[in-house]
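Colleague: So the chains spell out like this:
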Amino acid sequence: DAMVIQNPRYQVTQFGKPVTLSCSQTLNHNVMYWYQQKSSQAPKLLFHYYDKDFNNEADTPDNFQSRRPNTSFCFLDIRSPGLGDAAMYLCATSRDAGRSSYEQYFGPGTRLTVT
Amino acid sequence: DQQVKQNSPSLSVQEGRISILNCDYTNSMFDYFLWYKKYPAEGPTFLISISSIKDKNEDGRFTVFLNKSAKHLSLHIVPSQPGDSAVYFCAASDTDKLIFGTGTRLQVFP
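If you're matching them up, the sequences are chains A and B in order. Per the working numbering, the first sequence runs over residues 1 to 115. Per the working numbering, the second sequence runs over residues 1001 to 1110.
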């Protein structure tokens, strides 16, 4: 089945220690998104890639970076995690931009704990 | 500033009855609205959507109603089934990105 895969499902890192979360997709979709969801809050878009074009949200902290080396993979790098970065991180894809971006396919998420 | 609001964090409904989940928005530029459903340990999955040019869209047991003047939409599930128990997110868009609400946890009991 075509899907969005996130590894690992659970990640524990230390305060200030860089961490990378991974996402891969077999849907061959052009757009990939990273969301942050804290407890009882709405998923919040951090950034997205349309093909190789990177689009950062204005309020995404500089501490968060992303890489998309090819169509299938996208990485979220947190350079110096703080306690406030503990959250569920959701990766999503959409076939294309515009109207096609509305139906997004989500991975199961990676729950990040910062100690 | 929350542009999409789901004011009921939870809802409990008996099997066979109607479930009504509500969502309010503040941005009049939103022109497309969606509902996503999320089971534990899974990512959200698309359920149903509606364009701002319509006021109703139906798909089987699921119907979404849009009231643009009130900036309000609702999801009706009839009849509710235990398998519908999940968190439901409302989302809205006017560009290439979605703005989500905080979700409503629906529990359908026998």
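One thing to keep in mind: the hints can contain errors.
Below, in silico cross-link-like pairs of lysine-lysine (BS3-like), each with a Cα-Cα straight-line distance of 30 Å or less [unchecked claim]:
(1) A:K17 / B:K1054
(2) A:K52 / A:K17
(3) B:K1037 / B:K1071
(4) B:K1071 / A:K38
(5) B:K1071 / A:K44
(6) A:K44 / B:K1068
(7) A:K38 / A:K52
(8) B:K1005 / B:K1097
(9) A:K38 / B:K1097
(10) B:K1068 / A:K52
(11) A:K17 / B:K1068
(12) A:K44 / B:K1054
(13) B:K1097 / B:K1071
(14) A:K44 / B:K1097
(15) A:K17 / A:K44
(16) B:K1037 / B:K1097
(17) B:K1037 / B:K1054
(18) A:K44 / B:K1005
(19) A:K52 / B:K1097
(20) B:K1054 / A:K52
The following label-pair restraints were derived from C-beta to C-beta distances [stated by the list, open to error]:
(21) A:R79 / B:D1055: 32 to 40 Å
(22) B:S1008 / A:T115: 32 to 40 Å
(23) B:Q1107 / A:N63: 45 to 53 Å
(24) A:K17 / B:D1055: 46 to 54 Å
(25) A:Q14 / B:D1059: 40 to 48 Å
(26) A:E103 / B:K1056: 16 to 24 Å
(27) B:E1015 / A:N63: 44 to 52 Å
(28) B:F1109 / A:D77: 40 to 48 Å
(29) A:R111 / B:N1057: 18 to 26 Å
(30) B:S1074 / A:R111: 24 to 32 Å
(31) B:I1053 / A:L27: 26 to 34 Å
(32) B:N1007 / A:E57: 22 to 30 Å
Simulated from the structure, these hints should not be mistaken for lab results. Built from N, CA and C at the ideal position, the CB exists for glycine as well.
Colleague: Now tell me, hint by hint, if it's right for this structure.
Modeller: We went through each hint and held it up to the structure:
1. A:K17 / B:K1054: Since the Cα atoms of A:K17 and B:K1054 sit roughly 49 Å apart, the hinted pair is violated (cutoff 30 Å).
2. A:K52 / A:K17: Holds, at roughly 27 Å.
3. B:K1037 / B:K1071: holds (21 Å)
4. B:K1071 / A:K38: holds (26 Å)
5. B:K1071 / A:K44: holds (21 Å)
6. A:K44 / B:K1068: holds (24 Å)
7. A:K38 / A:K52: Answer holds: A:K38 to A:K52 is near 28 Å, not above 30 Å.
8. B:K1005 / B:K1097: holds (17 Å)
9. A:K38 / B:K1097: Holds, because 19 Å separates the two Cα atoms, which is no more than 30 Å.
10. B:K1068 / A:K52: violated (36 Å)
11. A:K17 / B:K1068: At roughly 47 Å apart (the allowed maximum being 30 Å), B:K1068 and A:K17 break the hint.
12. A:K44 / B:K1054: holds (27 Å)
13. B:K1097 / B:K1071: holds (19 Å)
14. A:K44 / B:K1097: holds (10 Å)
15. A:K17 / A:K44: holds (23 Å)
16. B:K1037 / B:K1097: Answer holds: B:K1037 to B:K1097 is near 18 Å, not above 30 Å.
17. B:K1037 / B:K1054: holds (22 Å)
18. A:K44 / B:K1005: holds (13 Å)
19. A:K52 / B:K1097: Holds - the C-alpha atoms of B:K1097 and A:K52 are around 17 Å apart, at most 30 Å.
20. B:K1054 / A:K52: The given pair, whose Cα atoms are some 35 Å apart, is violated under the 30 Å limit.
21. A:R79 / B:D1055: 32 to 40 Å: violated (47 Å)
22. B:S1008 / A:T115: 32 to 40 Å: holds (34 Å)
23. B:Q1107 / A:N63: 45 to 53 Å: Distance hint for B:Q1107, A:N63 is violated at roughly 37 Å.
24. A:K17 / B:D1055: 46 to 54 Å: This hint holds: roughly 51 Å between Cβ atoms.
25. A:Q14 / B:D1059: 40 to 48 Å: holds (46 Å)
26. A:E103 / B:K1056: 16 to 24 Å: For B:K1056 against A:E103, whose Cβ atoms are near 19 Å apart, the range 16 to 24 Å holds.
27. B:E1015 / A:N63: 44 to 52 Å: holds (46 Å)
28. B:F1109 / A:D77: 40 to 48 Å: About 43 Å separates the Cβ atoms of B:F1109 and A:D77, which means 40 to 48 Å holds.
29. A:R111 / B:N1057: 18 to 26 Å: The hinted range 18 to 26 Å is violated for A:R111 and B:N1057, with Cβ atoms some 33 Å apart.
30. B:S1074 / A:R111: 24 to 32 Å: holds (31 Å)
31. B:I1053 / A:L27: 26 to 34 Å: Roughly 28 Å apart at Cβ, these two residues keep to the hinted range, so it holds.
32. B:N1007 / A:E57: 22 to 30 Å: holds (25 Å)
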